[in-house]
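Trainee: All chains should be modelled from the sequences, with the hints used to inform the complete structure.
When the letters of the sequence shown are read in order and numbered with the numbering used here, they come out as residues 3 to 451.
Among these hints, one or two may not hold up.
To be verified - Only pairs whose alpha carbons sit at most 30 Å apart, straight line, appear in this in silico DSS-like list of lysine-lysine: (1) LYS269 - LYS359; (2) LYS359 - LYS428; (3) LYS355 - LYS297.
Simulated from the structure, these hints should not be mistaken for lab results.
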Amino acid sequence: MEQCASKTKIGLGFSHHSLPWWTLMKNLEEQRIPLWEDLVALSQTLEDPWCVLGDFNSVLHQGERIGGLDVTDGDTKDKGFKDMVKHSLAQNQKGSKLKTLQQVLCSFKHPLKQLNQSRYVDIYMQQARARNKLLQTQALLQQDPFNSDLLQKEASSRDHYIAINHSVILLIKQQSKAEWIGYGDECSRIFMARIKQRKALISIFHIQDQNNQRVEGFKAVLEVLTNYYKGLLGTMEHHRTHIDLQVMELGNGLTIEQQIMLCQPFKDSEIKKVLFSIPNHKSPSPDGYNSGVYKACWEDIDPLVCSAIKEFFTKGTLPSFYRQTKLVLLPKVPNPERVNDLRPISCCNIIYKCITKLLYNRIKEVLPHIIDAGQGAFVKGKELLFNVLLCQDLARGYQRKHTPPSCIMKVDLHKGFDSVHWEFIKELLNALRFPILFTQWIMRCITLV
Numbered sequence: 003m004e005q006c007a008s009k010t011k012i013g014l015g016f017s018h019h020s021l022p023w024w025t026l027m028k029n030l031e032e033q034r035i036p037l038w039e040d041l042v043a044l045s046q047t048l049e050d051p052w053c054v055l056g057d058f059n060s061v062l063h064q065g066e067r068i069g070g071l072d073v074t075d076g077d078t079k080d081k082g083f084k085d086m087v088k089h090s091l092a093q094n095q096k097g098s099k100l101k102t103l104q105q106v107l108c109s110f111k112h113p114l115k116q117l118n119q120s121r122y123v124d125i126y127m128q129q130a131r132a133r134n135k136l137l138q139t140q141a142l143l144q145q146d147p148f149n150s151d152l153l154q155k156e157a158s159s160r161d162h163y164i165a166i167n168h169s170v171i172l173l174i175k176q177q178s179k180a181e182w183i184g185y186g187d188e189c190s191r192i193f194m195a196r197i198k199q200r201k202a203l204i205s206i207f208h209i210q211d212q213n214n215q216r217v218e219g220f221k222a223v224l225e226v227l228t229n230y231y232k233g234l235l236g237t238m239e240h241h242r243t244h245i246d247l248q249v250m251e252l253g254n255g256l257t258i259e260q261q262i263m264l265c266q267p268f269k270d271s272e273i274k275k276v277l278f279s280i281p282n283h284k285s286p287s288p289d290g291y292n293s294g295v296y297k298a299c300w301e302d303i304d305p306l307v308c309s310a311i312k313e314f315f316t317k318g319t320l321p322s323f324y325r326q327t328k329l330v331l332l333p334k335v336p337n338p339e340r341v342n343d344l345r346p347i348s349c350c351n352i353i354y355k356c357i358t359k360l361l362y363n364r365i366k367e368v369l370p371h372i373i374d375a376g377q378g379a380f381v382k383g384k385e386l387l388f389n390v391l392l393c394q395d396l397a398r399g400y401q402r403k404h405t406p407p408s409c410i411m412k413v414d415l416h417k418g419f420d421s422v423h424w425e426f427i428k429e430l431l432n433a434l435r436f437p438i439l440f441t442q443w444i445m446r447c448i449t450l451v
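Mentor: See the structure below:
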């Protein structure tokens with residue numbers, strides 16, 4: 003075994019014509035210089051053909067080491083993005099914090115569109131040009147490897163191509179909604195296949211109406227969907243049964259300590275934590291901003307965002323700008339034929355999401371106290387499979403002798419979560435002894451959107 007002077011490679015010499023080498027490559031560029039010097043010296047002593055093979059697992063930042071590159075929005079990575087944010091913050095600092103944040107978001111929407119059109123509208127053509135330029139430079143460098151001008155040109159061309167390639171991957175990643183790809187290889191072929199699949203799933207040209215009649219055409223399908231959800235979500239039942247308080251007293255309610263905990267003021271660290279927990283590539287709300295925009299300029303916009311969210315909890319008001327929501331229908335089956343085969347989701351504003359996540363983090367601390375241990379689903383730490391196993395244990399004994407007559411009933415409420423009465427929620431929270439202030443926060447989030 004022989005070790006070189008650079009202490010970066012170890013080789014085994016089997017014969018004069020066979021010299022396999024194992025290279026231990028360093029991560030930092032300055033640490034690799036002795037290795038390159040050794041390779042140059044080695045090349046001058048060899049007369050036979052030779053080649054260098056390697057496995058390079060290079061990253062630019064520690065956060066990239068997740069199995070794939072952790073990228074952000076192309077627009078927000080642009081050098082001029084933060085300047086736009088600072089300019090908007092300097093011009094809009096009057097009125098309430100929620101209104102000020104709204105003005106800031108609206109003011110740099112037009113500059114962002116201009117930035118996108120000037121630098122990213124032909125991103126695929128830019129990628130092709132950058133790649134060709136890099137290949138041409140590398141071809142020239144191969145003929146003259148010690149040319150300093152070519153070395154600098156190759157380095158700048160490579161950095162330019164990497165930046166554009168990251169923007170392209172980000173774009174198709176956002177279009178494909180393949181969030182799991184962040185933990186695997188960056189394969190654009192998979193992205194493009196997912197984009198085609200999503201387009202095929204979200205394009206509904208025909209559907210059956212409530213009379214089981216097949217209708218065709220996007221306008222006809224739109225009318226069927228609109229009428230269905232107007233009847234499901236747009237009506238209110240005025241006659242309902244009120245909660246029996248005597249039955250509620252048999253269960254657990256919140257203690258004084260839990261009530262005080264729920265109404266504690268929210269800290270800036272809590273607000274930052276919930277905002278940064280929202281993935282960058284989640285579908286944006288009608289204002290067009292996802293969480294990546296806030297994260298990219300958090301150092302500048304942090305005080306305003308935190309103050310705006312705290313203003314909701316002190317005043318209980320939320321401007322219509324933050325209440326706008328997109329209702330999106332997702333197919334539950336590969337080829338939806340009926341309206342029931344579609345599942346509605348809401349694309350809410352990022353500020354609204356932060357508010358609801360803050361409330362959720364408080365509620366989840368008290369849920370184990372008020373939910374019975376027999377609840378086997380929709381509770382953290384429990385699975386719906388528990389109810390299946392329980393049902394099997396009960397049914398196993400039905401054929402035994404001397405067993406009294408019994409039956410099993412399966413109750414499935416049609417669109418149960420979509421048809422809950424708002425006043426019932428308020429009445430239930432009061433019966434469980436939730437604080438009045440906390441109940442008001444929840445009801446404002448439910449009724450304002």
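Trainee: Take the hints in turn and mark each one as holding or not.
Mentor: Each hint, compared with the structure:
For the hint pairing LYS269 with LYS359, the CA-to-CA distance comes to about 13 Å; that is within 30 Å, so the pair holds. This hinted pair checks out: LYS359 and LYS428 have alpha carbons roughly 19 Å apart, not beyond 30 Å. Only pairs whose Cα atoms come within 30 Å are accepted, and LYS355 paired with LYS297 is accepted, the gap being roughly 15 Å.
Hint violations for this structure: none, all hints satisfied.
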